[in-house]
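So the sequences go chain by chain: C and Y.
Take the first sequence: its position 77, counted from the start at 1, is 76 in numbering that gives the first Met the number 0, and no numbers get skipped.
Take the second sequence: its position 68, counted from the start at 1, is 67 in numbering that gives the first Met the number 0, and no numbers get skipped.
Keep in mind the hints are simulated off the structure, nothing from the lab.
Glycine residues also receive a C-beta, built at the ideal position from the N, C-alpha and C atoms.
Among the hints, erroneous ones may be present.
Claimed, not checked - Pair by pair, the computed Cβ-Cβ distance ranges are:
#1 C:Glu160 / Y:His211: 55 to 65 Å
#2 C:Glu160 / Y:Asn104: 25 to 35 Å
#3 Y:Val88 / C:Phe15: 45 to 55 Å
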Amino acid sequence: MNIIERLEKIDRRIIFILILLAVIIPLLLPIGFKIKVSEPVRIFYETIEELQPGSIVLISSEYDPSTMPEVYPMNQALARHCFAKNLKIIGMGLWPQGIPLNQASMEQAAEEYGKEYGVDYVNLGYKAGGIVVISAVSENIPTTFPQDYAGRSVEEFEVMEGVKNFDNIDLIVSLSAGDPGVRQWIMIAQGRYGKKVSGGVTAVSAPAFYPYLHAGQLRGLIGGMKGAAEYETLIKKSGTASRGMDAQSIAHGLIVLFIVLANVFFIIGKRKKA
Amino acid sequence: MIETIGIWIAALLTLCILSFLYKENPFYKFAEHLFVGVSAAYWAVYYYYNILRPNLIQPLFIEGQILFVIPLVLGIMMVMRLFPKVGWVSRWPLAFIVGTYAGYNLITYLQSNAVDQVRATLISFIHLESWGDFIGNPGVITFLNAIAVPVVVVGVITGIIYFFFSREHKGVFGGFAKTGVWFLMIAFGASFGYTVMARISLLIGRMYFLLHNWLRVI
């Protein structure tokens, strides 16, 4: 059996180990590859930058722990960016498990920037219904969410003063890992009410949102851990996404190498048989 | 202390699940069954406290809003699926849901996902501003920006031609269809690349947790 035949029949567990090493080694010994910012992330960043201090950003968290490595860093970076710009945040979510994650992001950022719950940010929690909830929020936020995630009346929060519906929201950001998520926010908030909608999505779903971005329906798009790392670069606050980019680059390089080698061996094997 | 115990449990369960990559074993089966059981319990409690209670029990039985009898009856009709003899009853609430969502989504979906998307392709074939950028600052990025519009337009047209099956894909028409296939293949490749990125990100997330939160070596 020659080397090509041996490699053709390689035990897949060896490939698993190589991928594992390609991820672990750069995490232990960071290389510091340069992170280049893409246009969709720059648009997202600039959309936040354009807002005046005191503007209200609605962050809707439509993700769960299974997609945390990709979306949570976006959530953290977004909360930091908003508080650094003295923007106010209203958090909510169409996925129940996204609520505590959004809350943790906002709490952490609030601590770093000296912001207070109820005054600078609030978390309205989860409501079942998907697109119907978005529609209800567009008409009346306090009626749709009379209490925050912990059961306190929203009327007692300073940040909610004068906030009635979409007219009082300056930007909507949906951080989503599926449906309901960014697509539904585009359909109702952007399509029906002409509100500015930005999105942060998992890498798997990112290609599906580029048409919305090019059509101007979406104001910026963060796709996966790479997008989150780019956003962290723009706000000059390194986080877990930036730390993972070395591992991501090396693992991708290795996978590309596997694909090229496999095709070369396949072609050589086919010619030999012919 | 509680956090430390939680991290240890999470780390050991992560290792149990990853052990499947070697081969199926009792540790993996244990973690899998535990996950299924805990998930079922979690969602049962969550649905009760976040959906059933605030949307039905609270308004109907505590606040006395009699109108909520309708969703209660529809809900009971839906549960009838569990009994084969009267299972047909569940079709009525299901029809209500389908009808409501279809009506609700139809216009909005059409506007956002068809009309606005088509409108975005009805643009000037040559984007003078982008070509000006490319001439002023020649480079790969500025060139790609300059040809972006023609690529989108040609991609949309040839892609649609590929899915036009009323005429045989031969001659000039066949050439367009073949070009459409190339666009589709590139799109699938990009999508696959993003999928690989997503899966590697999840692995990085788990490894980061093990090395940072559990072992504390980074």
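Structure-based check of all given hints:
1. C:Glu160 / Y:His211: 55 to 65 Å: Cβ of C:Glu160 to Cβ of Y:His211: about 40 Å, so the range 55 to 65 Å is violated.
2. C:Glu160 / Y:Asn104: 25 to 35 Å: Given a distance of about 34 Å, which is inside 25 to 35 Å, the answer is holds.
3. Y:Val88 / C:Phe15: 45 to 55 Å: holds (50 Å)
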